[in-house]
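Q: Residue-level listing of the chains:
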Amino acid sequence: DGGITQSPKYLFRKEGQNVTLSCEQNLNHDAMYWYRQDPGQGLRLIYYSQIVNDFQKGDIAEGYSVSREKKESFPLTVTSAQKNPTAFYLCASSIRGGLDQPQHFGDGTRLSIL
Amino acid sequence: AQSVTQPDIHITVSEGASLELRCNYSYGATPYLFWYVQSPGQGLQLLLKYFSGDTLVQGIKGFEAEFKRSQSSFNLRKPSVHWSDAAEYFCAVGQSGGSYIPTFGRGTSLIVHP
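Protein sequence lines, in the order shown, are assigned to chains A and B. Mapping to the working numbering: the first sequence position 42 is 42, numbers consecutive. Mapping to the working numbering: the second sequence position 36 is 150, numbers consecutive.
Warning: the hint list may mix true and false statements.
[To be verified] With a cut-off of at most 35 Å between alpha-carbon atoms, the simulated DSBU-like pairs for lysine-lysine come out as follows: (1) 182/B / 57/A; (2) 9/A / 175/B; (3) 71/A / 14/A; (4) 9/A / 71/A; (5) 175/B / 71/A.
If you are wondering where the hints come from, they were derived from the structure by calculation, not from laboratory data. Note that the structure is predicted; figures quoted are calculated from it, not measured.
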């Protein structure tokens, strides 16, 4: 079955460490997204990508970086510059960018600070 | 700028009772409206969407939503709630002609009593 796979499910970061969250999709979707979810704050957009080798900052991109070298992969790196990284991170994809294209979500990665 | 409000942080209903979750949006253009559901520790699943046409939209799992332009609302309803409906529900709104990334509300947590 096609879908979006996020790994790992749980991740712990030490102070000053960069960590990378994986997101892979086999839906042949062009557009991919990263969201951060905090209790009571809904979803906030970190980065998004409409096509390979292109991506744009979302509302809260500071302290994060992404790459889109392959259509099916959109990894997110949480850098040491992100001072409050503890959150639930969700990756999503859609057939293409556009409001008429609903997003499909992975099951998320929960990141905590050691 | 587009915004979306879910006025209720928590809603508690008894199993078998009817349900209505509120969603209000604010901007003037033709809206694209979505409802998503999130079970604990998982990603979001699309329940239904509205772009145009009939203002009463049917979705999966027995849910429906009604678009009321005069009230800037897109409330989610279900005639009889099941215990498995306990989850977090998110309304999302997008504006045609603007960014194609929808804006998510903060979510409403549904608690179902036996």
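Q: Please name the hints from earlier in the document that this structure breaks, with their numbers sorted from lowest to highest.
A: none
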